[in-house]
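One line per chain: the protein sequences are H and C, in this order. Residues in the first sequence are numbered from 414 upward in steps of one, following the working numbering. Residues in the second sequence are numbered from 104 upward in steps of one, following the working numbering.
Errors might be hidden in some of the hints.
Taking lysine to aspartate or glutamate pairs in the EDC-like style, the calculated list, with each CA pair at most 16 Å apart, reads [to be verified]:
hint : chain 1 : residue 1 : chain 2 : residue 2
1    : H       : K524      : H       : D497
2    : C       : K172      : C       : D159
3    : C       : K120      : C       : E182
4    : H       : K481      : H       : D444
5    : H       : K450      : C       : E203
6    : H       : K524      : C       : D141
Think of the hints as simulated: they come from the structure by calculation, not from any bench.
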Amino acid sequence: DQQVKQNSPSLSVQEGRISILNCDYTNSMFDYFLWYKKYPAEGPTFLISISSIKDKNEDGRFTVFLNKSAKHLSLHIVPSQPGDSAVYFCAAIGAYSGAGSYQLTFGKGTKLSVIP
Amino acid sequence: EAQVTQNPRYLITVTGKKLTVTCSQNMNHEYMSWYRQDPGLGLRQIYYSMNVEVTDKGDVPEGYKVSRKEKRNFPLILESPSPNQTSLYFCASRLQGAREQYFGPGTRLTVT
Chain H
414 DQQVKQNSPS
424 LSVQEGRISI
434 LNCDYTNSMF
444 DYFLWYKKYP
454 AEGPTFLISI
464 SSIKDKNEDG
474 RFTVFLNKSA
484 KHLSLHIVPS
494 QPGDSAVYFC
504 AAIGAYSGAG
514 SYQLTFGKGT
524 KLSVIP
Chain C
104 EAQVTQNPRY
114 LITVTGKKLT
124 VTCSQNMNHE
134 YMSWYRQDPG
144 LGLRQIYYSM
154 NVEVTDKGDV
164 PEGYKVSRKE
174 KRNFPLILES
184 PSPNQTSLYF
194 CASRLQGARE
204 QYFGPGTRLT
214 VT
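All chains, full assembly: derive it from the sequences and hints.
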């Protein structure tokens, strides 16, 4: 059972426009969410995160929105640049177990292509 | 430079020939883990380690072994590789209690 879902395998956006990447989750115990960006031939790199006590977190051109009631989060990139072309993974972490065992559950990823 | 390194980056091998993929981090992180990435399946965790001599299974541990004898190293061992283990493998590490993981560059393994 897939607990973190990214239903769009790919997305194409014109340079300068907004990119919106979506992520849904099913486990109500998830309380922290992260977005990772991955270029070909490289490992994923951390991009932005949000705690479940917030509904928005912003870092430059990147904003993540969290709708807990809908179990939905989204990553907005404004304005989109060709260098943003990559695979974006949504990931979620469950409630802290007390043993430091944060386990990341990843979505399948969305490939973003920003067209110049 | 803080980093996670993996070796080799590319490996082609044959069914049944034991292999080890090494992973090393220089950030003094307690937690390390291995993932595999497959088309349409995203990143799936194979094994993780909370600290030296403490390891546990992830979501897809079958066919893999790990060991954690030193804090900085977390090798992934395939005792008898099979073609269904052809994949892109990532090692990751983080501080205990932190949420953000740092990933290595990946090892592309092909088993024929």
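Status of the hints after comparison with the structure:
1. H/K524 <-> H/D497: Judged against 16 Å, a Cα distance of about 10 Å means the pair holds.
2. C/K172 <-> C/D159: Status holds; Cα separation ~14 Å.
3. C/K120 <-> C/E182: 7 Å, holds
4. H/K481 <-> H/D444: 9 Å, holds
5. H/K450 <-> C/E203: This hinted pair holds, its Cα atoms lying about 13 Å apart.
6. H/K524 <-> C/D141: It holds: about 14 Å lies between the C-alpha atoms, which stays within 16 Å.
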